[in-house]
Structure formats: structure tokens, C-alpha cells
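Asker: Fit chain to chain and form the complex, with the hints in mind.
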Amino acid sequence: MVELKAKSALGGQSAVQIGAVRLQEVEGSKLSAIAPFAGVDAKLSEAMELAYGFGFPEPGQVLQKGQARCVWFGHRQALLIAATPDETLAELALITDQSDAWCSVSAVGAAAEDVLARLCPVDLHLRAFPVGHTARCPLGHINVSLTRVAADGFEIMAFRSMAASLWHEVTAAAELVAARAALP
Amino acid sequence: MRLTCPNCGERDIREFTYQGAASMLDRPDPEAGPEAWHAYLHLRDNPAGVTRDLWHHGCGCGAWLVVTRDTVTHAVHAVELVEARDAG
Ligand SMILES: [Zn+2]
Numbered sequence: 001m002v003e004l005k006a007k008s009a010l011g012g013q014s015a016v017q018i019g020a021v022r023l024q025e026v027e028g029s030k031l032s033a034i035a036p037f038a039g040v041d042a043k044l045s046e047a048m049e050l051a052y053g054f055g056f057p058e059p060g061q062v063l064q065k066g067q068a069r070c071v072w073f074g075h076r077q078a079l080l081i082a083a084t085p086d087e088t089l090a091e092l093a094l095i096t097d098q099s100d101a102w103c104s105v106s107a108v109g110a111a112a113e114d115v116l117a118r119l120c121p122v123d124l125h126l127r128a129f130p131v132g133h134t135a136r137c138p139l140g141h142i143n144v145s146l147t148r149v150a151a152d153g154f155e156i157m158a159f160r161s162m163a164a165s166l167w168h169e170v171t172a173a174a175e176l177v178a179a180r181a182a183l184p
Numbered sequence: 001m002r003l004t005c006p007n008c009g010e011r012d013i014r015e016f017t018y019q020g021a022a023s024m025l026d027r028p029d030p031e032a033g034p035e036a037w038h039a040y041l042h043l044r045d046n047p048a049g050v051t052r053d054l055w056h057h058g059c060g061c062g063a064w065l066v067v068t069r070d071t072v073t074h075a076v077h078a079v080e081l082v083e084a085r086d087a088g
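Note that the protein sequences, when read in sequence, are chains A and B. For the first sequence, counting from 1, position 138 maps to 138 in full-length UniProt numbering; every step adds exactly one. For the second sequence, counting from 1, position 27 maps to 27 in full-length UniProt numbering; every step adds exactly one.
Hints are computed from structural coordinates only; laboratory data are not their basis. In this text, all values refer to a predicted model and were calculated from it rather than measured experimentally. The beta carbon of each residue, even a glycine, is placed where N, CA and C say it ideally should be. Treat the hints with care, as some may be off.
Unchecked claim - Derived DEER-like restraints, expressed as beta-carbon distance ranges: (1) TYR40/B / ALA35/A: 44 to 50 Å; (2) GLU35/B / GLU87/A: 48 to 54 Å; (3) ARG85/B / VAL40/A: 18 to 24 Å; (4) ALA21/B / VAL40/A: 41 to 47 Å; (5) LEU50/A / ALA21/B: 25 to 31 Å; (6) ARG85/B / THR84/A: 32 to 38 Å; (7) LEU50/A / ARG85/B: 31 to 37 Å; (8) GLU175/A / TYR40/B: 50 to 56 Å; (9) LEU183/A / THR4/B: 46 to 52 Å; (10) TRP37/B / HIS133/A: 45 to 51 Å; (11) HIS42/B / GLU3/A: 17 to 23 Å; (12) PRO130/A / TYR18/B: 30 to 36 Å; (13) ALA151/A / THR71/B: 29 to 35 Å; (14) ALA75/B / SER161/A: 23 to 29 Å.
For reference, chain B alone in the conformation it holds in the complex (with noise of 0.2 Å):
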């Protein structure tokens, strides 16, 4: 599996680390209940398709990355930066 820096451009699996789900960047508000609370730390889907998570490039340029990518296929769909996403 290689994925494609924004920064680095395309490099091996072995410069990244996986975080885990894209919607830990989705932080409920402090006033937003047990529910919203519960479903944003404990709760995932387990989808058999296209996914969305957390990675670090760790041993290149140290930015974190949200990457879209199919379970299935194991095809990446895109490689951002987290940034870009707040920017956004």
C-alpha cells in the first residue's frame, strides 16, 4: 500500500502510522449530551467500502493526513491534509 503525501508525494506504508477513524476530527460540542458523547468515542462503523481515516507520516513530514480509501478494493481514493479540512 503506498499513499500519496500532499507534502511528500507517493510513499510506502512503512512512513505512516494509523490513528484510527476520521471522525475523531468531528468533536461534539461540550454541551452536546451522553448520546452525542458515547457515539463520538465509542461507536465506529465497520463499513465494506469506502473509509475514512487517520494517519500520520511520521517518518516524512509530520503532517496528519485524512485518507479515503476502500476496504474492498483497497483502492485510495485521496490523501489530505487535516488542514486543509479546518481551512475548510
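Just chain A, with the same shape it has in the complex (with noise of 0.2 Å):
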């Protein structure tokens, strides 16, 4: 068989520092959506926490036991990050792999908070937006999956073909907030 190079959605982009945020592409992992089919939501939950350890996320929640996470993808949608789809759920809803779709970058920094919040019209405030929590919102005109994972630090994804607008715009706005901070 041909062995063909897996290329990550940045292309090998290196991490940057700009200002107090970190910017860097995290790949690699495998991604599965789970859409539950109607009526079976606390069965689906029942196989999932059999499985995992959690059951289904909640709007704007986060999940995680070990290495696996679930996270909170959309109106009953949810994104299984680094776990192979347990097959007791294949008849409680659509399992569709998803790895390669998406381009994830992480923001970490002091900085990380008013970068992200001159980019998305939510409330990136720690109260209001606290680790674990993930949110589907705008990020200037692109369709992003924004998750806080830790008080300093937020995971953006994308789909892949936003890749490079989504590294330009969070580049840019770091780029921006840095001068602002540097100004006497």
C-alpha cells in the first residue's frame, strides 16, 4: 500500500509568541460527531458513560475522563475528541468521522482572553465563560467551536478549509493587542 504524508491543516505553521498569547496549531487528533437520533437521548448518554465515562454534553458543555473528551458541537451535536466511537452507538445516533475536517489552534496567555474577545461577540469573561465550557459563535466571519481548557487558555476549531483565514485573523488581533500594550 502507499504510504501517503499526512499533512496537518496548517501545513507545519510553528507556534508564535506575540505579545502574551501563544499561538499553535494542535493536531492529530481523531475526531468522531455524534448526532443522536430522536427519542433514545438517555439511552445514548446510558452507552456513552458505559464506554467513556461521561454521557452526552449539554449545550456548552465539555466532558472528559483520560485522554478522551466530548465536546458540545451544536444544536444535538456533539464532537468526540481522541476515542474510537464505541460501537453500542451506532444505533442511537449518526456516528461520522471527522478527523482532518477540522483545524484546531490553541491561544494561551495572559492575552488569550482579550485577543479572542476582539474576534468573538461572546462573553469570554472567566465568570461567565469558566473552563470547560464551549461555546459555537463567530470568529470575525468564520463558523468556529470555541472552548476555554484552562483560565488562560481557549481551543479554537475551524473547519479546515478556514485554516489560513483563522490563523490570519488570530495573528492579526494578537498583533493588535500586543501594540496596545506596548503603547507608554
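Answerer: Quick look at the structure:
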């Protein structure tokens, strides 16, 4: 069989430190979208609980156990990250492999919140958007999934086709926040 | 204008797309006859006051919503999932 070279969405873009934020592509996790069939929500949550130790997430919720993570991903949709879809789920939900379909970027540092606040029209204050909270929202004109992974850290996911635009938006906003911070 | 999506909370109008009157959800019986189908497809109220329409939260959770709002005062009275209405 031919061995093809895997290429990440940002094609080897190295991490950058701009002012007080570090931007970096997050690569390589297995991603599966889970969309529950009608009327079996409770059964699906039970099956997920057995397989992963967490149920189906509520809107805005991120559930995690060990490496496996499940992020609320839209209306009646969740994204299972870094775990193999259990076969018991197949009768309860539509499961689609999304690995390589998304570009993921982390923004970590004291300025992360300020940088994203320039781009996303949601309240990103720690009080309103705590660790483990997620939202689907615009970032500029890009539809993203935004998750707070630490008090000073976010993970942003956009369609792979939007990777270059996403990187452009966040680096440009980071430059502006850094320029303002450097003012006397 | 801001809409409070049942999934996402209060969000700016730019995240939503307007589709039209919520009466589109009340599809007549296939045998209801030409009058009912004509009304369903072509006739719309244009109220000065409370109206109900369909919005799509495309740059958010992707849900279809029924928005009850007032065309005179611009007050938004309710935002509900179409799905919740189907279930009820
Ligand atoms: Zn929404």
C-alpha cells in the first residue's frame, strides 16, 4: 500500500508568541461527530457513560475522562475527541469521522482572552465562560467551536478549509493587542 | 437586535438568518385542496404587532428557531426551538 504523507491543516506552521499570547496548531486527534437519533437521548448517554465514563454533553458543556473528550458541537451534536466511537453507539446516533476535517488552534497566555474578545461576540470573561465551557460562535466571519481549556487558554476549531483565514485572524488580533499593551 | 437562542444564550443578529413566517411549519394535509395550499404557499399576514417567524442560528448551534416578536415595538417576546414545538 502507498504510504501517503499526512499534512496538518496549517501545513507545519510553527507556534508563535505574540505579546502575551502563544498561538499553536493542535494536531492529530481522532474526531467523531455524534448526532443522536430522535427519542434515544437517555439510552445514548447511558451507552456513552459505559464506554467513556461520561454521557452526552449539555449545550455549552465539555466532558472529559483521561484522554477522551466530548465537546458540545451544536444543536443535538457533539464531537468526540481522542477516542474511538464505541460500536454500541451506532444504533443510537449518527457517527461520522471528522478527523482531518477541522483545523484546531490553541491560544494560551494572559492576553488570550483579550485577543479572542476582538474576534468573537460572546462574553469570554472567566466568570461567564469558565474552564470546560464551549460555544459555537463567529470568529470574524468564520464559524468556530471555541472551548476554554484553562483559565488563560482556549482551543479554537474551524473547518479545515478556513485554516489559513483562522490563523490570519488570530495572529492579526494578537499583534493589535500586543501593540496596545506596548503603548506607554 | 439580539436573540436569545435556547442553546447558545443571547447572541447578536449577525449570527442568524431570517427565513420567513412561522406558518411554514403548519403544512396542510396533502388532500386539503387548492385553497388551503394556496394560502399556505402564497398568503402572508403583515401585522403591525406580534408576529412569529423562522430564524436559523447558522453561525452558532445550527438550530431552527421560532421567534415571536413585535414589529411595532421591536420587542422580542420568545425564541423557541422548532423541535420543541414539534415535540409538544
Ligand atoms: Zn444557537
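Asker: Against each hint, give a clear statement of whether it holds in the structure.
Answerer: The hints, checked one at a time:
| no. | hint | verdict |
| --- | --- | --- |
| 1 | TYR40/B / ALA35/A: 44 to 50 Å | 30 Å, violated |
| 2 | GLU35/B / GLU87/A: 48 to 54 Å | 52 Å, holds |
| 3 | ARG85/B / VAL40/A: 18 to 24 Å | 20 Å, holds |
| 4 | ALA21/B / VAL40/A: 41 to 47 Å | 32 Å, violated |
| 5 | LEU50/A / ALA21/B: 25 to 31 Å | 45 Å, violated |
| 6 | ARG85/B / THR84/A: 32 to 38 Å | 37 Å, holds |
| 7 | LEU50/A / ARG85/B: 31 to 37 Å | 33 Å, holds |
| 8 | GLU175/A / TYR40/B: 50 to 56 Å | 54 Å, holds |
| 9 | LEU183/A / THR4/B: 46 to 52 Å | 37 Å, violated |
| 10 | TRP37/B / HIS133/A: 45 to 51 Å | 46 Å, holds |
| 11 | HIS42/B / GLU3/A: 17 to 23 Å | 60 Å, violated |
| 12 | PRO130/A / TYR18/B: 30 to 36 Å | 33 Å, holds |
| 13 | ALA151/A / THR71/B: 29 to 35 Å | 44 Å, violated |
| 14 | ALA75/B / SER161/A: 23 to 29 Å | 39 Å, violated |
The structure fails hints 1, 4, 5, 9, 11, 13, 14 (numbered hints given earlier, in ascending order).
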